[in-house]
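Trainee: Now for the letters of each chain:
Number of protein chains: 2
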Amino acid sequence: MSTQHRVLIAIIGAGGVGKCFLGQLADLAARRPATRLSLCYLTTSKRAVYSADYSDIDIAGAVARLAASAQTPLHLPVLVDYLAAAPAKVVLVDNTSAQDVADAYPLFLSRGISIVTPNKKAFAGSYEHWQAIFTAAATSGAKVYHEASCGAGLPLISTVKDLVETGDQITRIEGIFSGTLSFLFNSFAPATPASDGRATGTWSAEVAKAKELGYTEPDPRDDLNGMDVARKLTILARLAGLPVASPTAFPVQSLIPAELETASSGDEFLAKLPQFDAQMESVKAAAARDGKVVRYVGSVDVATQALKVGLETFDRAHPFAALKGSDNIFSFYTKRYGSNPLIIQGAGAGGEVTAMGVTSDLIKVLSQIA
Amino acid sequence: MSTQHRVLIAIIGAGGVGKCFLGQLADLAARRPATRLSLCYLTTSKRAVYSADYSDIDIAGAVARLAASAQTPLHLPVLVDYLAAAPAKVVLVDNTSAQDVADAYPLFLSRGISIVTPNKKAFAGSYEHWQAIFTAAATSGAKVYHEASCGAGLPLISTVKDLVETGDQITRIEGIFSGTLSFLFNSFAPATPASDGRATGTWSAEVAKAKELGYTEPDPRDDLNGMDVARKLTILARLAGLPVASPTAFPVQSLIPAELETASSGDEFLAKLPQFDAQMESVKAAAARDGKVVRYVGSVDVATQALKVGLETFDRAHPFAALKGSDNIFSFYTKRYGSNPLIIQGAGAGGEVTAMGVTSDLIKVLSQIA
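First to last, the protein sequences are chains A and B.
Offset between the first sequence (1-based) and the working numbering: plus 55.
Offset between the second sequence (1-based) and the working numbering: plus 55.
These are calculated hints, taken from the structure and not from any lab test.
Hints are supplied without guarantee of correctness; some may be wrong.
It does not matter which identical chain is used: a pair holds within one copy or between any two.
Stated by the list, open to error - Using 20 Å as the maximum straight-line C-alpha spacing, the simulated EDC-like pairs for lysine to aspartate or glutamate come out as follows: (1) K264 with D322; (2) K216 with D82; (3) K339 with D277; (4) K74 with E220; (5) K264 with D111; (6) K390 with D82; (7) K419 with E220; (8) K347 with D136; (9) K379 with E229; (10) K390 with D332.
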């Protein structure tokens, strides 16, 4: 335990999550004297920092050095060769949501390069790609962890793995997977009246407010189409054992009025959305007549292999109804846990908590390879 | 990856949790061809099965073989020598709640023997013993995991570790740590009236019912004194960074009326408890006047290092009020998660879910040593 192992870290992406991760990595490196965590490669889509001899890049100064760098990113196959030839074990940290990087995971893994990432694309693509990733890892012994690909730093993927690997049978998973849609419905149809007595706004007003607060994508339709939820549900369902073909292989209810699918911009969409407020108002009123509230939920029934994403109603005392802010919540029903599910809830988005998922994965990989 | 590593498993305890664990171990061994999981030692306090040459004990038939065995358990120092001399790495699984086994953890760990266990005694004893355990592990490289020492299979300890190791600051933890007391207060002071219209019973009637259903210790005072909650809170607080001296070093509210502390038996206690029903009834009524319900909670405020265990009141919409059955619930407030805590809830007791915590720990150890 006294020799210092060196592990090389290569990072793609230095945006919101990437910058938070670099802060956590600097902290981790300082607190982990038994392992020398050497940052050897850092890149955005435009610039890069690295050297032919894999010398350490100062982590604290890496972002500034990157901004001033004249180096350009290595093409992915060249990056694979560069990392595979390194003089120590390598962990690739993909802090992007880039498809091309996700596509290259089997190649990295087959060459012994471990991966930690919040990138959903790799795990919510085709089932063949999913298999290629885990087969490559199993064959080479490289590790791949992606806790933050669903629910940011919440311990969801590790929990599903623990349940499955210890021999429990997951029968059903349901959850509020989207922070944006959580915020919208918690505001639009709260389980209890606001403590300040404030009336809830119309659906379109809530969407506009969520955009203003930075809770939506630049075009809110990218949240309202439900595909982000479908991708996360695909990942959990696959971990629970179902060979889900793709996130478009099951019913996903879009909250975009058909007439606004083709609006030319997010702004045009928002301008026209008030014309359709009666639709969501009637959904809310129908639920209220039964003493319930409406929420946007993803669920998988493992026995029937049925996945679906869309609106569902819940009693006001249900944990899904009582959710606050933009929190996520996930219920895992299993044979061992019986009628009361194992529930995990909390912030499912944000730079620091997403980076935390990546950092905790890195620690798991280090415990196995360092 | 193609050679089969052998890892020896030694198990102390073959009661409720122990039997469930053996079932999960048999399953795991069958599904893990890359590692040969060899059971080499199995013991209760009376009988044992092992051989001088560490040959494999058939896992599926182990309980039956133990029941028929004429071998007696090795004294703990002898067991340490036996396991330290083994021809492969060893994991000791302590499925007891025995103090003497807990006391020997530093010795096992210092000799390179890893430990997984649900035994609270080792981690909720003196702070010196806590330090001796983790110092021994750090020095020898042996691993020690104890997820099931709090909340059974719920991912609590792993989550606290992830938060701390990734650099988050835990500011506060509060939770309903006892399945027994959860059941009692969920029945005695439900947040919403029972769906079958059933009236709640008196406090003493609820305690008697819980005992009948097998939710209490043989003497219910062992639940009502709060010490089980204090031990679990001590463990989480220490993981959050506080050097808690012992589970008796902070205020713990006992629910045993002072007059009944000295009752000679659990039965005598139950027979006399109705005389004191007015006390708990007035607590419940006071909470109800504020629109609240009463729950038995453990909490730690990290900044002020204040731990306490006892009755607190919660709004009916609070997640602690809405808990069902004998579920546990834990809220982790941290710098990153802000005002909305990370919450984990579900069954916190039971043979299979406790064994699951032990088995998932074993898998973590195997990933690092096998």
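Trainee: Take the hints in turn and mark each one as holding or not.
Mentor: Hint by hint, here is what the structure shows:
Proximity of K264 and D322 under a CA criterion of 20 Å is satisfied intra-copy only: 13 Å inside one chain copy versus 61 Å between copies. With identical chains, the CA atoms of K216 and D82 are at most 20 Å apart between copies only, with a shortest distance of 15 Å across copies and 28 Å within one. With identical chains, the CA atoms of K339 and D277 are never at most 20 Å apart, being 22 Å at best within one copy and 48 Å at best between copies. Taking identical chains as interchangeable, the C-alpha atoms of K74 and E220 lie at most 20 Å apart only when they sit on different chains, with a minimum of 18 Å there against 33 Å within one chain.
Proximity of K264 and D111 under a CA criterion of 20 Å is satisfied in neither setting, with 45 Å inside one chain copy and 65 Å between copies. Taking the closest pair of Cα atoms, K390 and D82 come within 20 Å of each other only across two copies (15 Å); inside a single copy the shortest separation is 40 Å, beyond that limit. Proximity of K419 and E220 under a CA criterion of 20 Å is satisfied in both settings, with 16 Å inside one chain copy and 11 Å between copies. When the C-alpha separation of K347 and D136 is checked against a cutoff of 20 Å, the pair qualifies neither within a copy, at 57 Å, nor between copies, at 63 Å.
Taking the shortest alpha-carbon separations for K379 and E229, both the intra-copy value of 17 Å and the inter-copy value of 18 Å come in at or below 20 Å. Taking the closest pair of Cα atoms, K390 and D332 never come within 20 Å of each other, the shortest separation being 42 Å inside a single copy and 38 Å across copies.
When held up to the earlier numbered hints, the structure conflicts with 3, 5, 8 and 10 and fits the remainder.
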